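Sequences and hints are given; from them, build the entire structure.
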Amino acid sequence: AQSVAQPEDQVNVAEGNPLTVKCTYSVSGNPYLFWYVQYPNRGLQFLLKYITGDNLVKGSYGFEAEFNKSQTSFHLKKPSALVSDSALYFCAVRHSYNTDKLIFGTGTRLQVFP
Amino acid sequence: DGGITQSPKYLFRKEGQNVTLSCEQNLNHDAMYWYRQDPGQGLRLIYYSQIVNDFQKGDIAEGYSVSREKKESFPLTVTSAQKNPTAFYLCASTPGQGKYQPQHFGDGTRLSIL
Chain P
1 AQSVAQPEDQ
11 VNVAEGNPLT
21 VKCTYSVSGN
31 PYLFWYVQYP
41 NRGLQFLLKY
51 ITGDNLVKGS
61 YGFEAEFNKS
71 QTSFHLKKPS
81 ALVSDSALYF
91 CAVRHSYNTD
101 KLIFGTGTRL
111 QVFP
Chain B
115 DGGITQSPKY
125 LFRKEGQNVT
135 LSCEQNLNHD
145 AMYWYRQDPG
155 QGLRLIYYSQ
165 IVNDFQKGDI
175 AEGYSVSREK
185 KESFPLTVTS
195 AQKNPTAFYL
205 CASTPGQGKY
215 QPQHFGDGTR
225 LSIL
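Sequence lines, in order, name chains P and B.
Numbering-wise, the working numbering puts 22 at position 22 of the first sequence, and it's gapless, one number per residue.
Take any residue in the second sequence, count from 1 to its spot, add 114: that is its number in the working numbering.
It is worth saying that the hints were derived from the structure and are not from the lab.
Nothing here was measured: the structure is a model prediction, and the numbers come from that model.
Any given hint might turn out to be false.
[As the list claims (entries may be wrong)] Going by beta-carbon spacing under 10 angstroms, a handful of chain P positions derived as facing chain B:
no., residue
1, Q6
2, P7
3, H75
4, L102
We treat Cβ as the ideally placed atom computed from N, Cα and C, and that holds for glycine.
This is how it looks when you write it as structure tokens:
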């Protein structure tokens, strides 16, 4: 079955510290992976994607993600967290057979403390 | 600025009533999507449309209906058959064959039961 798992409901980190939000996936064939961020009462904003190529993908607002094929993971990272990074983060993967569909994880709430 | 406009931002439904959520995009995107977001469950696909006058059911289409008479518009009707309609509804779009493209999201409509 096609799926995305975000094992942590919430991640807490102090401002200035590095952050990691975890994502693992299960799809057939090559995965097309995406990270989105959602602020309260707003839609999702695209952060970055992995299609092919370099395993380290750089995106918006200083975020990056590391694709690891052997571990089927696509963790979101940032070297130095900001209070303004506090939001809900979603990992998503393109469905293998119906490529019009995205499969979303359940989301991870990131809380950055001053 | 190009984008997706969802209206209204807040909507209240009485028992037995149908309500329609509006989604308009000026991005000239071919594909449009409707998602339902519930706390802790991520996003679930209701309906999607790749082209005018055509649409497909997503994972939770029961109790919902859509139309796609114009490229820029994809309204969602929540019918009285949907027994638990309270949720945050998000509309999204992608250009053409969107396999490699991120979805662009509107800012959502929050539907509640009176």
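Hints versus structure:
no.	hint	verdict
1	Q6	holds (8 angstroms)
2	P7	violated (13 angstroms)
3	H75	violated (17 angstroms)
4	L102	holds (6 angstroms)
Comparing the model with each numbered hint stated earlier shows that hints 2, 3 do not hold.
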